[in-house]
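Dock chain B against the given chain A, drawing on the hints supplied.
There are 2 protein chains.
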Amino acid sequence: MKNGTRISAVMAEIRSAITSRRYLPGMRLPSVRAQARAMRLSVSTVLEAYERLAAEGAITSRRGSGFYVSGPLCPLALTKIGPKLDREVDPLWISRQALEADAGVLRPGCGWLPSEWMYEKGMRRALRSLARADTAALTEYATPPGLSALRQFLSRRLLATGVEASPEQIMLTESGTQAIDLICRFLLEPGDTVLVDDPCYFNFHALLKAHRVRVVGVPVTPNGPDVAMFGAALQAHSPRLYITNSAIHNPTGAVLSPVTAHRLLSLADSSDLVIVEDDIFADFEVHPAPRLAAFDGLSRVIHIGSFSKTVSASLRCGYIAARPDWIDSLIDLKIATGFGGGRLASEMVLAALTDSGYRRHMEAVRVRLAREMDNTLARLEPLGITPWRVPQAGMFLWCRLPDGVDAAAIARACLKEDVVLAPGNAFSQSLSAGSFARFNVAQSTDNRVFEALARALDKAR
Amino acid sequence: MKNGTRISAVMAEIRSAITSRRYLPGMRLPSVRAQARAMRLSVSTVLEAYERLAAEGAITSRRGSGFYVSGPLCPLALTKIGPKLDREVDPLWISRQALEADAGVLRPGCGWLPSEWMYEKGMRRALRSLARADTAALTEYATPPGLSALRQFLSRRLLATGVEASPEQIMLTESGTQAIDLICRFLLEPGDTVLVDDPCYFNFHALLKAHRVRVVGVPVTPNGPDVAMFGAALQAHSPRLYITNSAIHNPTGAVLSPVTAHRLLSLADSSDLVIVEDDIFADFEVHPAPRLAAFDGLSRVIHIGSFSKTVSASLRCGYIAARPDWIDSLIDLKIATGFGGGRLASEMVLAALTDSGYRRHMEAVRVRLAREMDNTLARLEPLGITPWRVPQAGMFLWCRLPDGVDAAAIARACLKEDVVLAPGNAFSQSLSAGSFARFNVAQSTDNRVFEALARALDKAR
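As given, the protein sequences belong to chains A and B, one line each in that order. Numbered per UniProt numbering, the first sequence spans residues 1 to 461. Numbered per UniProt numbering, the second sequence spans residues 1 to 461.
It is worth saying that the hints were derived from the structure and are not from the lab. The structure presented is a predicted model; accordingly, all values stated were derived computationally and were not measured. Treat the hints with care, as some may be off.
Subject to a maximum C-alpha distance of 20 Å in a straight line, what follows is the list of computed DMTMM-like cross-link-like pairs (lysine to aspartate or glutamate) [to be verified]:
1) A:Lys80 x B:Glu189
2) A:Lys416 x A:Asp90
3) A:Lys121 x B:Asp134
4) B:Lys80 x A:Asp328
5) B:Lys80 x A:Glu189
6) B:Lys459 x B:Asp403
Isolated chain A (complex conformation) (with noise of 0.2 Å):
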């Protein structure tokens, strides 16, 4: 027999072997030396026939692992990865739920401002300077970092926090999210592990699930993650990338303080940790809290940010600053997934955050919020409600329920009526947040969902 006609036969074996199911999808073959034995047969032979159904996408070679059978068609539906969770508590279902309430539905449980509270005088002036503008704002892409006046803009605003970042060192994004995925998307590998806070901004964990990473939670205190813990995940578990909120945190209104953003450094350094530092509550700040990328630089620490929270959700833009390498990395990865960026979006944010009226608007939102924070605690009070911590600003009350409750259940009684809540497990990683919940104090200005919480209460004691 000629060895292209062992060849032949080899193939032969396996495909048939495949078809008839003797093979699963996912399975891995015999060795090429097995194969190569019980065919009676070389090694190099087998090698051959293996490495040519390779190339024909029959079977799939892992480099130092072998060959295994292709596998059907498994469309990535996220709500099948990780453990089965209560709808109340998916973090998938609450940010649809909260997207899709129409106007009736109360949304104590929302992560942003009531649209009344948002920057609208700004969008329309905007709108209407926009309209005036010159023909290339209209109708081109931006560049591959994004609009250049707007970088040039972030980079001085940036200092207010000790940011320091060049208008090269920032790109631009179409939201905060798609800043997280890309650096994801550019750093991770499915079943790298990276760290966040326990709890945490629950779409944290849906955007990990789609990058099929382990996701480790770090217990948060008042001043930023638990700093010894921290030092444990990172020698039990050497994370790649710890994803965390800067100034105001979500849900805990924990604010870092410089003794732990130091040593969370040091700790990062000496693990060769990448740190993603989420912005977007800046402009919330009364009092500015260290930023990590202030202290380290941006050398590990990636900063990004958006204007959804203050400015505008109906406008898509955000940023990412970083090294100088990593963004021009980043660039490629932007363009390759999702071409040019927005200009005009990015033209609206640079008219609204540079128009004088923006800062009175904020001045203004955060002393409302001030007063709702009082307003929501002092109506939590009576229900046995009480707060982890009175943050200093922000729009997030993280609250004890009273005693042996459970807050999903509360969350599926208000939700009957009409309340959407945001109960604890949803943010936490270990699921230990059973009795907690997320107010939105801006959008808990309504006696009725009071009202409901008071029954939903009672009805579980």
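Chain B only, in chain A's frame:
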């Protein structure tokens, strides 16, 4: 020795091998059985030690194939994936070049219309009308599938090309590229095989690189992909997905014939292949060509589009029409990786498309394109540059250069004169289009394009 101590001993042994770099990142560890033999311990002790190390992240378990040393941080640099390409035919380099070019640069190689050709008047009108819109339009996130009124409009509009998609089968995205990217995330695993046309839109190559899949090209005929080669590629490579342009093919101007459409779909049916049909050039057509999605009824075909080529590239908005269950999973993926959509961009697109001026605008564009198509042909002819076929419509002319002339060399020479070309191999997976180039007739109205070409050709001969 207690069992706990024995487990710790194995863990210490492996850790020290990793630290001393005896075991390198990515290396497969000795099998549990071999390790147990070598250390004279039970298989269960070694397995427990391996599993604890995997839980720590120091090593990684791969189903059915053993344990591997976890790798170092290795950021995804797209330029480092695949064969090293000359800059002139590197899709990312060409895209960045075209997006960056300032006003003085001529761009016959660019993939879109000059800004003066876009629907500027409609954009200004839409901006003025949006400036008077209600608060929600200006400040809120879009609903998870995207603005309902635009989805209803698109559902009716798709009927013009025979594509039946209810508004519930349509999801809005930030762009046509993001639409394809989400579909790839949904359907592909690294190592899968994807079919593309050879030649095809070059950003498909960059996008698929980011998904780390194998790309196989199928030659294009004037009636669509070569059916026999398509069938052979299905047999040989078991691809998951085929990504193609409908209407007027980019770069060739080929138009799918009904018989090719039918045969492709029969082949796809028998191989369980999913097809993505990118319909961004629909509004340039004079006589509508068959759509795969119309023949297939959105069963295995996913239909996508955007408005960057006709309304404005400054607005980011695209869509996906697909099976309802796929749309549902795609919405989850969109929220996880980008959160809410841009309501403002959708409102602008809706305003522009429903403006009575849009139809007249596109009529004028088609007439102007036909004229510039003739002009460009007349100017290329004396240079010995001949069309592969004269397209029925659209902006692209796929041309063969004079015998023996290398398009990449010509592109290099023209770039020195501030003329950006698109040489054939940027579009060709097999790099078999070295003597071709794509001309955008709308971007080839300046004499200097042809003067620079003439000088470059002279030098090359």
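### Query
Does lysine 416 of chain A pair with aspartate 90 of chain A here, judged by a C-alpha cut-off of 20 Å?
holds (17 Å)
#### Entry: 20 Å limit on alpha-carbon distance, applied to hinted pair lysine 80 of chain B and glutamate 189 of chain A
Holds: lysine 80 of chain B and glutamate 189 of chain A sit about 16 Å apart, inside 20 Å.
### Query
Between lysine 459 of chain B and aspartate 403 of chain B, is the straight-line Cα distance small enough, at 20 Å or below?
With Cα atoms ~14 Å apart, lysine 459 of chain B and aspartate 403 of chain B stay inside 20 Å; holds.
### Task
Decide if the proposed pair is consistent with the structure: lysine 80 of chain A and glutamate 189 of chain B, CA atoms, cutoff 20 Å inclusive.
Roughly 16 Å between the alpha carbons, so the hint for lysine 80 of chain A and glutamate 189 of chain B holds.
### Message
Check the hint pairing lysine 121 of chain A with aspartate 134 of chain B against an upper bound of 20 Å on the C-alpha distance.
### Response
Satisfied, since the Cα-Cα distance of roughly 12 Å is no more than 20 Å.
### Restraint status (C-alpha distance of lysine 80 of chain B to aspartate 328 of chain A at most 20 Å)
holds (13 Å)
In this structure, none of the earlier numbered hints is contradicted; all agree with it.
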